[in-house]
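2 protein chains.
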Amino acid sequence: METYLYEQFLEVLGKEKISKSESELYRHSRDESSHPYVEPDFVYFPEGVEDIVKVLKIANEHKIPVTPYGAGSGLEGQAIPIHKGISMNFDNMKKIIEFYPEDLMITVEPGITRLQLNEFINKHGLYFPIDPGADASIGGMIANNASGTTAVRYGSMRDQILDLEVVLANGTVIHTGSKAKKSSSGYNLNGIMAGSEGTLGVITKATLKLHGIPEKVLAARCTFNTPGECAEAAQAVLSCGIQVLRMELVDAESIKQVNSYGGYAFPEEHSLFFEFAGTPNIVEEEASVVEELMKEFGCSNWERANTPKDRADLWKARHELAYSYKHIKGKASTGADACVPISKLAEMVVFGRTLLEESGLIGGVFGHVGDGNFHTMVMYDPNDPVEKAKAKYTDDQIAMKAIELGGSCTGEHGVGVGKMKYQLKEHGEAVELMKSIKLLFDPNGILNPGKIFI
Amino acid sequence: METYLYEQFLEVLGKEKISKSESELYRHSRDESSHPYVEPDFVYFPEGVEDIVKVLKIANEHKIPVTPYGAGSGLEGQAIPIHKGISMNFDNMKKIIEFYPEDLMITVEPGITRLQLNEFINKHGLYFPIDPGADASIGGMIANNASGTTAVRYGSMRDQILDLEVVLANGTVIHTGSKAKKSSSGYNLNGIMAGSEGTLGVITKATLKLHGIPEKVLAARCTFNTPGECAEAAQAVLSCGIQVLRMELVDAESIKQVNSYGGYAFPEEHSLFFEFAGTPNIVEEEASVVEELMKEFGCSNWERANTPKDRADLWKARHELAYSYKHIKGKASTGADACVPISKLAEMVVFGRTLLEESGLIGGVFGHVGDGNFHTMVMYDPNDPVEKAKAKYTDDQIAMKAIELGGSCTGEHGVGVGKMKYQLKEHGEAVELMKSIKLLFDPNGILNPGKIFI
Ligand SMILES: Cc1cc2nc3c(=O)[nH]c(=O)nc-3n(C[C@H](O)[C@H](O)[C@H](O)COP(=O)(O)OP(=O)(O)OC[C@H]3O[C@@H](n4cnc5c(N)ncnc54)[C@H](O)[C@@H]3O)c2cc1C
Ligand SMILES: Cc1cc2nc3c(=O)[nH]c(=O)nc-3n(C[C@H](O)[C@H](O)[C@H](O)COP(=O)(O)OP(=O)(O)OC[C@H]3O[C@@H](n4cnc5c(N)ncnc54)[C@H](O)[C@@H]3O)c2cc1C
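Line by line, the protein sequences are chains A and B. Per full-length UniProt numbering, the first sequence runs over residues 1 to 454. Per full-length UniProt numbering, the second sequence runs over residues 1 to 454.
To be clear, the hints were calculated from the coordinates, so they are not data collected in a lab. None of the values given here were measured: they were computed from a predicted structure. Hints may contain errors.
Said to hold, decoys possible - In silico DSSO-like pairs for lysine-lysine, Cα to Cα no more than 30 Å straight-line:
#	chain 1	residue 1	chain 2	residue 2
1	A	LYS95	B	LYS401
2	B	LYS15	B	LYS63
3	B	LYS209	A	LYS421
4	A	LYS20	A	LYS54
5	A	LYS57	B	LYS425
6	B	LYS326	B	LYS295
7	A	LYS438	B	LYS425
8	B	LYS57	A	LYS425
9	A	LYS421	B	LYS438
10	A	LYS209	B	LYS435
11	B	LYS57	A	LYS438
12	B	LYS17	B	LYS63
13	B	LYS331	B	LYS84
14	B	LYS438	A	LYS63
When you get a sec, could you build the whole thing from the sequences and use the hints?
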């Protein structure tokens, strides 16, 4: 960035809100993916919507890239400022703007993380159930249309949004919805902002749906002989109409990994993890119906997590899965995030597991099978081009196969730089329309340039 | 339309698929609203996507308006071809393209109605729950983002869409989604097509989510002293987390109306109607919890519909509500469709009821209170300008107040020509962006011109 421009930013934005420190540039050069790091010219810490209007107006005039940065937990390089410019960090925008407990609704700033949000609302008997594992920011979760283990019951981030305050590239501030639970007015802008990865506007406030904390929660798990059998059993649960809160597949390899990482003693077989939530009677009924069904499908090791500690352990282990691989010394990780129609899930999971075997790399298959969404995690030596190529090959094959089966290359992680190459295959002619929407919202291409579309 | 153009259409589209008969022009000049009728130049009955590509290419070249027409049950004049041109009717596009029972999913053509769809899938133990009362077409329901009594559990049409095949104004065919249950790929086009009322593209196929028919369904009702008490009680049900299938408010006036229209004997007081669905145990548990809660809130006349006939009667009566007013001789009807945060519902309902009293017109308040969505129905003599003005005044006041309370002028009926005047108040600066989206999709303004935005 040219000096005169940087000085203009300094003057207008105030130097307390700008950082060029080595550690901040480093932190904002990356996310949790292994996509190449790029440092921004500087990091900006806005304190409210007016600050964001200011920065975008100058950036738009001079065509300076602006890349929003949430908690940096993205897995596809979404927050990496690959064309440099400004990284915009929301650490100073974490306020709860308004809380409406009777409406099961809250308005927050984008920098608040899901755990911070829950810490506040749990005291009032409410919770925000979307759980992408990492303690991501609400802004980042909306921008990625994140979801996770509870999507089978509550849907993705897109389904939680009532209204967003958004600053457009030219500095215009709009609201994308209202506080009504449903509406047929105007065009649906909530939906298009969710998953737009900072390329269409900067989210400065979000009004979200909340849910009552269920009176009772019960976890259980069981094992099957093959990942394919797990997927078939999961399909049966969905068809019978039981509203599980979570239903996760973890393959034997991953159970081994997490047992050794976290000191657990789960049976090292292909497993389904369940969670049920509701009144005690409903939970009991649901757990019994599913237990019976799983046994019909030939499961072993059906076990309820009877104590709160058992339940906490089970989901702690599930959440540690990614880290249990990632901590392996000297290895980088990559992974697929395919989502397919449920009837194709068994085929896909077997396909993924076979690719992993063939690659000879350490890796596992796990995921949110209730949505037909599953991940692979593949470990490779980043200095070994052959291992790296093999790892990328498995990702590639899985994404392509998912699309061929009518599914999506990314169920929840988003496109970023990693999934750009599949957009045309997945969306066909619609890609041109999407690109023209980008151009309409951001004619100078300043908002997180170089993402989603090639 | 100039003769040479009409002849070009005749030649390219085939005269068997075109009608200019008086009865067809008449039928396509109106919907169920009382907005002024306008006849199209001709009605076109396409038989597949290629036909639609053909007609749009010529229409786009010559800037001829094309207005899709579903079942004509819209309440805001959405399907009225106010700038004449072509009315496009989907009576010959009602096919089930592909049925995926294991995936709880189906792909259909837009002309199929919800009852026709259900007739097919019910045999397989599945159902499509969105129920706007009228036997609307799937295309029309998507285009209006319709919902109805079951939205409290299943959401609106937007929430049912996995993928749409859409023909854009220039004849390009796109798919807006995939068969994956969730996705973070590309921009969300499903959402923006839902509720676009035929102004952004013509829907030629829809892949929708289905649901298992609940093992047991149980209906119940109770009464309160005021509509406000009904609304407060409804709010309590939502907060306690019970997933009712339906929860409807019907005020005393409307109960009187429907009793006399349909020969029912419901207590003529302000009422809540409930429906619970699930396994027998879950249904029993939910009904008991709600019964207890309603009694805490001081309800009277709690009564379960114990036989299937009782249950059918209860919902038949609810569905006949609109007609029980509409059949009144010599009167036209109009009505509001406000949606507000639940905590504002009691205030809004009382406001609506008071306006009706003050107007001196026959009318009622009823609606889908689980979503904060409610309707008024006001009867007026269309030849009496004072009555007409009073009726429109109540609609107006309710829409404006809903927006002021943070809600929406239309929860489900859509904008059409009737709610255009509230768009700026509801969406503010976002209206400009919405208009530019319209221009991007349809630069020549041929798709259902004159709707949504002034
Ligand atoms: C161990 C682990 C497990 C994970 N499991 C899951 C999972 O199960 N499900 C899942 O969905 N994800 C998962 N993720 C991925 C990640 O947590 C999500 O993608 C999350 O949404 C990222 O949020 P963030 O705040 O970290 O955003 P960042 O990574 O900082 O940014 C993500 C994107 O959001 C944009 N953005 C951020 N804030 C704003 C704003 N205010 N306005 C506009 N754009 C903005 C950025 O520009 C960027 O494009 C996992 C990650 C890890 C490390
Ligand atoms: C008694 C009664 C009760 C009602 N109750 C409810 C209710 O509870 N909830 C509710 O939501 N609605 C309700 N409605 C309104 C109505 O049923 C809905 O708005 C429904 O969605 C209209 O569908 P339709 O097929 O009749 O569409 P039409 O009225 O024919 O058209 C509606 C719009 O859809 C567009 N359209 C139709 N097909 C296509 C296509 N293939 N591609 C693109 N655009 C298309 C048209 O251009 C038009 O803009 C009720 C109506 C009546 C008469």
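Hint-by-hint comparison with the structure:
{"no.": "1", "hint": "LYS95/A / LYS401/B", "result": "holds, 29 Å"}
{"no.": "2", "hint": "LYS15/B / LYS63/B", "result": "holds, 21 Å"}
{"no.": "3", "hint": "LYS209/B / LYS421/A", "result": "holds, 28 Å"}
{"no.": "4", "hint": "LYS20/A / LYS54/A", "result": "holds, 19 Å"}
{"no.": "5", "hint": "LYS57/A / LYS425/B", "result": "holds, 26 Å"}
{"no.": "6", "hint": "LYS326/B / LYS295/B", "result": "violated, 34 Å"}
{"no.": "7", "hint": "LYS438/A / LYS425/B", "result": "holds, 26 Å"}
{"no.": "8", "hint": "LYS57/B / LYS425/A", "result": "holds, 26 Å"}
{"no.": "9", "hint": "LYS421/A / LYS438/B", "result": "holds, 28 Å"}
{"no.": "10", "hint": "LYS209/A / LYS435/B", "result": "holds, 28 Å"}
{"no.": "11", "hint": "LYS57/B / LYS438/A", "result": "holds, 25 Å"}
{"no.": "12", "hint": "LYS17/B / LYS63/B", "result": "holds, 21 Å"}
{"no.": "13", "hint": "LYS331/B / LYS84/B", "result": "holds, 27 Å"}
{"no.": "14", "hint": "LYS438/B / LYS63/A", "result": "holds, 26 Å"}
Against the hints set out earlier in the document, a violation occurs for number 6 only.
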